[in-house]
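These protein sequence lines are chains A and B, in that order.
Just so we're aligned, residue 16 is where the first sequence starts under our numbering, counting upward by one.
Just so we're aligned, residue 2 is where the second sequence starts under our numbering, counting upward by one.
I should point out that these hints are in silico values taken from the structure, not numbers from a laboratory.
Fair warning: there could be bad hints in the mix.
For each label pair, taking beta carbons as the anchor points, the in silico distance ranges come out as [claimed, not checked]: (1) Val-30(A) x Glu-35(B): 54 to 60 Å; (2) Lys-37(A) x Arg-249(B): 54 to 60 Å; (3) Lys-166(A) x Asn-117(B): 26 to 32 Å; (4) Glu-105(A) x Glu-113(B): 28 to 34 Å.
Partial list, computed: chain A residues near chain B (C-beta under 10 Å) [as the list claims (entries may be wrong)]: (5) Gly-63; (6) Thr-67; (7) Phe-289; (8) Leu-339; (9) Asp-340.
None of the values given here were measured: they were computed from a predicted structure.
Ideal placement from N, C-alpha and C gives every residue a C-beta, glycine not left out.
These are the residues of each chain, in order.
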Amino acid sequence: MSDTKKPVLEVKDLVVKFRVRKKELTAIRSASLDLYDGETLAIVGESGSGKTVLTKCITGMLESNGRIPSGSITFEGRNLLDIKTDKDWEAIRGAKIATVFQDPMTSLNPLKKIGIQISEVIEKHQKLPAADARGIALALMEKVGIKDAPKRFNDYPFQYSGGMRQRIVIAIALACKPRILICDEPTTALDVTIQAQILNLIRALQRDFGFTTIYITHDLGVVANVADRVAVMYAGQIVEYGTVREIFYDSRHPYTWALISSLPTLAKKDEALFAIPGTPPTLFNEIVGDAFAPRNRYALNIDFEEEPPFFQVSPTHFAKTWLLDPKAPPADPPEAVKLMRRKGKVQVEDRAEASK
Amino acid sequence: MKKTLLSVKDLEVTFKNGKDHFTAVKNVSFDIYEGESFALVGESGSGKTTIGRTIIRINPASKGEIIFDGQRISGPISKELDSFVIRNIQMIFQDPMASLNERATIDYIVSEGLHNFGLFKDENERREKVFKALDDVGLLEEHAERYPHEFSGGQRQRICIARVFAMEPKFIIADEPISALDVSIRAQILNLLHDLKKEHGVSYLFVAHDLTVVRYFADRVAVIHQGELKELATTEELFARPLHPYTRSLLSAVPLPDPDLEKEKVLVVYDQAAHKYEVDKPSWREVLPGHFVLANEAEAAEYAKMYS
Numbered sequence: 016m017s018d019t020k021k022p023v024l025e026v027k028d029l030v031v032k033f034r035v036r037k038k039e040l041t042a043i044r045s046a047s048l049d050l051y052d053g054e055t056l057a058i059v060g061e062s063g064s065g066k067t068v069l070t071k072c073i074t075g076m077l078e079s080n081g082r083i084p085s086g087s088i089t090f091e092g093r094n095l096l097d098i099k100t101d102k103d104w105e106a107i108r109g110a111k112i113a114t115v116f117q118d119p120m121t122s123l124n125p126l127k128k129i130g131i132q133i134s135e136v137i138e139k140h141q142k143l144p145a146a147d148a149r150g151i152a153l154a155l156m157e158k159v160g161i162k163d164a165p166k167r168f169n170d171y172p173f174q175y176s177g178g179m180r181q182r183i184v185i186a187i188a189l190a191c192k193p194r195i196l197i198c199d200e201p202t203t204a205l206d207v208t209i210q211a212q213i214l215n216l217i218r219a220l221q222r223d224f225g226f227t228t229i230y231i232t233h234d235l236g237v238v239a240n241v242a243d244r245v246a247v248m249y250a251g252q253i254v255e256y257g258t259v260r261e262i263f264y265d266s267r268h269p270y271t272w273a274l275i276s277s278l279p280t281l282a283k284k285d286e287a288l289f290a291i292p293g294t295p296p297t298l299f300n301e302i303v304g305d306a307f308a309p310r311n312r313y314a315l316n317i318d319f320e321e322e323p324p325f326f327q328v329s330p331t332h333f334a335k336t337w338l339l340d341p342k343a344p345p346a347d348p349p350e351a352v353k354l355m356r357r358k359g360k361v362q363v364e365d366r367a368e369a370s371k
Numbered sequence: 002m003k004k005t006l007l008s009v010k011d012l013e014v015t016f017k018n019g020k021d022h023f024t025a026v027k028n029v030s031f032d033i034y035e036g037e038s039f040a041l042v043g044e045s046g047s048g049k050t051t052i053g054r055t056i057i058r059i060n061p062a063s064k065g066e067i068i069f070d071g072q073r074i075s076g077p078i079s080k081e082l083d084s085f086v087i088r089n090i091q092m093i094f095q096d097p098m099a100s101l102n103e104r105a106t107i108d109y110i111v112s113e114g115l116h117n118f119g120l121f122k123d124e125n126e127r128r129e130k131v132f133k134a135l136d137d138v139g140l141l142e143e144h145a146e147r148y149p150h151e152f153s154g155g156q157r158q159r160i161c162i163a164r165v166f167a168m169e170p171k172f173i174i175a176d177e178p179i180s181a182l183d184v185s186i187r188a189q190i191l192n193l194l195h196d197l198k199k200e201h202g203v204s205y206l207f208v209a210h211d212l213t214v215v216r217y218f219a220d221r222v223a224v225i226h227q228g229e230l231k232e233l234a235t236t237e238e239l240f241a242r243p244l245h246p247y248t249r250s251l252l253s254a255v256p257l258p259d260p261d262l263e264k265e266k267v268l269v270v271y272d273q274a275a276h277k278y279e280v281d282k283p284s285w286r287e288v289l290p291g292h293f294v295l296a297n298e299a300e301a302a303e304y305a306k307m308y309s
């Protein structure tokens with residue numbers, strides 16, 4: 016993640032608008048993001064924050080009522096937004112950038128044999144004869160942990176459990192050896208024990224295949240487990256990004272603070288949980304100032320008038336909040352955030368101690 | 002002495018489909034005290050929802066009994082008792098998008114139960130009760146005239162909760178009440194359930210899979226796996242001293258919002274075949290004070306020493 020590292024994917028000043036019931040909604044309000052080779056980036060945010068829309072733009076799957084008035088997405092030297100036809104997208108989508116979706120039941124064809132669903136992808140993208148594709152599919156099934164693959168090749172999705180199905184979806188996504196794997200809430204529909212297995216599987220495959228991963232999730236526990244870097248989204252913008260340690264142990268944006276404070280894990284039993292008041296703003300209207308200001312108890316007067324720029328916290332850590340302006344009064348973060356800061360420090364010291 | 006409100010004894014629930022029999026719940030026994038939040042934790046298919054549905058008489062019990070407020074409510078019961086059960090045991094469902102009538106106003110939705118039981122003298126009293134319920138959950142009087150589609154997920158869950166509390170029940174079954182909600186809204190709903198409990202003195206059966214939420218919300222927790230209770234203890238006790246290997250595997254899998262801990266975490270995998278139950282059969286035992294676990298003789302001895 017140093018400056019010398021070249022990004023595989025660069026999103027710059029992306030704006031996405033949707034036409035809904037004769038009104039226009041701005042789903043992404045100028046977001047920029049770099050993705051570095053081999054890393055795992057987690058995008059966190061509540062529903063409607065634009066995290067899924069962002070990845071849809073990367074794979075050219077924006078709904079027909081959506082448009083991208085400005086911005087660019089650079090991948091392998093070309094701007095993906097210049098691609099117009101579905102045929103051209105096929106060389107990228109699935110082949111170089113693949114997606115694993117939330118619900119493994121709806122992303123598989125219920126009427127087709129599991130094995131065929133993997134091998135047809137290989138036949139189509141790699142132009143291989145059926146017999147060769149079958150061999151590769153079987154190898155992939157073993158790779159994602161399906162025991163007795165030759166027998167289970169001929170099973171149908173309903174004969175697989177939720178966790179097994181998600182393994183198959185991952186196998187299909189990896190069939191073309193993509194450079195980027197987008198995981199959109201891949202474990203939300205699964206049980207905790209299965210979730211842990213799937214996260215471990217994706218990590219192990221990443222080591223073997225060397226792809227770069229984007230995770231989209233609202234679960235900070237999953238983020239802590241998988242991510243190298245984290246981007247926090249709110250109301251169509253990225254409001255803070257940094258390494259996973261920077262975001263968990265040294266967060267600076269009040270929205271990130273609010274997310275951390277509302278976790279039941281960090282709460283004391285007889286105290287009320289911190290709840291973010293209100294609801295996210297409607298994206299039909301133009302937002303003046305900081306979108307989070309009305310729900311933010313740290314909001315300054317300027318937050319209601321002018322949108323904050325990104326302030327640099329470290330070479331890898333940036334936050335879009337006026338609290339970091341040199342002129343801002345010092346803010347006292349919530350208890351849970353202070354607790355995380357202390358934890359982070361202690362853990363660094365422990366490590367230094369151990370390495371001595 | 003704590004007063005028992007609900008008592009489930011040796012419950013078994015079997016689903017029949019022609020010749021196929023499937024036992025979803027077996028040998029389940031537990032008590033819920035007045036004013037207590039009792040959590041039932043397990044993975045999908047473990048039978049936790051079935052237990053909730055059996056208590057509220059949606060699914061019939063095939064064996065065992067359920068005693069509520071001193072009366073047996075499982076099996077055939079009188080009409081009076083049935084309406085007593087409906088009025089006093091209420092349910093909050095997982096998905097507030099699917100559990101509200103889209104064509105009814107909030108006013109009607111909240112007062113439907115009041116209508117069914119004639120719980121008001123006149124129109125004024127009915128409206129007062131509706132407004133009180135809306136106020137309890139942080140909604141406004143003006144919301145009464147609106148329709149469900151005008152509300153966000155969090156607000157809709159509040160409407161579901163208002164509908165439940167308008168009935169002034171003694172006991173509430175909350176089946177994954179926050180799983181379908183956004184992270185920032187979850188805390189609001191949990192706080193609300195907590196406050197209403199204090200205010201109205203109700204008891205909860207909280208059905209959930211998320212252990213971090215259970216740890217915060219529940220007084221006691223029962224862990225269920227494949228239709229059988231594996232362990233039951235107070236929340237502090239269960240999280241501090243998990244005994245059963247399945248409970249330990251569940252706890253190890255919970256993702257913690259702490260990257261340093263997450264990167265060092267070791268998953269405990271539960272292997273059912275590791276139990277040696279051929280000769281020494283398992284039974285439900287109190288291994289530590291108030292801490293129950295399903296174990297055989299040998300395991301119980303091992304568990305008792307585990308944390309000493």
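We went through each hint and held it up to the structure:
{"no.": "1", "hint": "Val-30(A) x Glu-35(B): 54 to 60 Å", "verdict": "holds (57 Å)"}
{"no.": "2", "hint": "Lys-37(A) x Arg-249(B): 54 to 60 Å", "verdict": "holds (56 Å)"}
{"no.": "3", "hint": "Lys-166(A) x Asn-117(B): 26 to 32 Å", "verdict": "violated (54 Å)"}
{"no.": "4", "hint": "Glu-105(A) x Glu-113(B): 28 to 34 Å", "verdict": "violated (52 Å)"}
{"no.": "5", "hint": "Gly-63", "verdict": "holds (8 Å)"}
{"no.": "6", "hint": "Thr-67", "verdict": "violated (13 Å)"}
{"no.": "7", "hint": "Phe-289", "verdict": "holds (6 Å)"}
{"no.": "8", "hint": "Leu-339", "verdict": "violated (22 Å)"}
{"no.": "9", "hint": "Asp-340", "verdict": "violated (25 Å)"}
Hints 3, 4, 6, 8, 9 from the earlier list are contradicted by this structure; the remaining hints agree with it.
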